[in-house]
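Colleague: The listed protein sequences correspond, in order, to chains P and H. Numbered per the working numbering, the first sequence spans residues 1 to 227. Numbered per the working numbering, the second sequence spans residues 1001 to 1106.
Don't read these hints as lab results, they were simulated from the structure. Hints may contain errors.
What the hints assert, rightly or not - Beta-carbon label-pair distances, calculated as ranges:
id	chain 1	residue 1	chain 2	residue 2	range
1	P	Ser181	H	Thr1059	43 to 51 angstroms
2	H	Ile1073	P	Leu79	18 to 26 angstroms
3	H	Gly1101	P	Met46	33 to 41 angstroms
4	P	Glu223	H	Phe1010	37 to 45 angstroms
We put the CB at the ideal spot given by N, CA and C, even for glycine.
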Amino acid sequence: MKSSDFREGMKRAFPLVIGVIPFGLAYGISASSAGLRLHETVFMSMAVFAGASQFVAVEMMRQQSLVVFILAMTFIINLRHILMALSLKSYVRQNERLKASLLSFGLVDESYAVSSLYFREKKEGRWSFLFSASLLMYIGWAFSSSAGFLLGDRIADPLAWGLDFAMPATFIGILIPQIQSLHICIVVFVAGASAVLFKVLLGGSYYIIIAAVAGAMTGYLLERRIP
Amino acid sequence: MSAIFVTIVFMALITYFTRSIVFIADFRIPDEFEKFLRYIPFAILSTLIFPSLLVRDGTLLVTTDNHHLMVGIVAIGIAAVFRKPVVTVFCGMALMLALKGTLLMY
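Given the sequences, and given the hints that come with them, work out the whole structure.
Modeller: See below:
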């Protein structure tokens, strides 16, 4: 049972690792041009393991921002994890709290996406799945960060070739087949439209939380009114 | 120890806090809240997808020059038909690279 969840996690996270590699390369390149050293660049990927906040931190280090501002940004950008963790909380049995707390280190957007849908499908927490999906993302992120740093300016910015499309492509690949009811379809539309709106209006990264709450709230209200 | 190293350690602690606090804390999710939370995976995925297709450099760009949007629409079609993430990713990336490559040639 456990080893089959482990293998399934690897299988389902595989397309997502492909998607993260261009970002790892871009982060490594950006860190090297901002003056970080190789061990710092890789240590950040292995200890923080949060792409968006690493990009921002490196940019702020380049501009010699105060450390307290860098840490505040890290907190703000990563606040969405609280929402993700909340949505997995009900799968955690009382005796699984320690396990879930430790495994949550690997709760990145990608491993969350595949795991939350897998738990939903199996109607219970499958922790080996979360572990293997996270592990694969972790290896991919650490290696692509190092590779980006080492290649440095010898390769052009991989995101400029349209390789950043790998991220939405992977998320489209896992989301679209899961839209199996009108409610979910409306949630996707509301969350997507409000994310676009708030990103244009506010910039920054608050838009993810605001739009995710707006989308899920719509789903909740629909469910209450239309049984 | 360099200032950068210490900054990274604190970044790691803060990030881990946001991921683990909900699991460390001992509480039960109320049933009504759980109904709301069940839509979060779909909502979060949507917030990650749509802005990266529609918003370029901070502004809404709905034109054929927006390659992410054009290939994104095709990728949504591919995902709906084939229902296999790997197929969507590889076809989507191949299309994007072909489009960028073609534009470079002309």
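Colleague: Hints broken by the structure, by number, lowest first?
Modeller: The structure conflicts with hints 1, 2, although it agrees with all the remaining ones.
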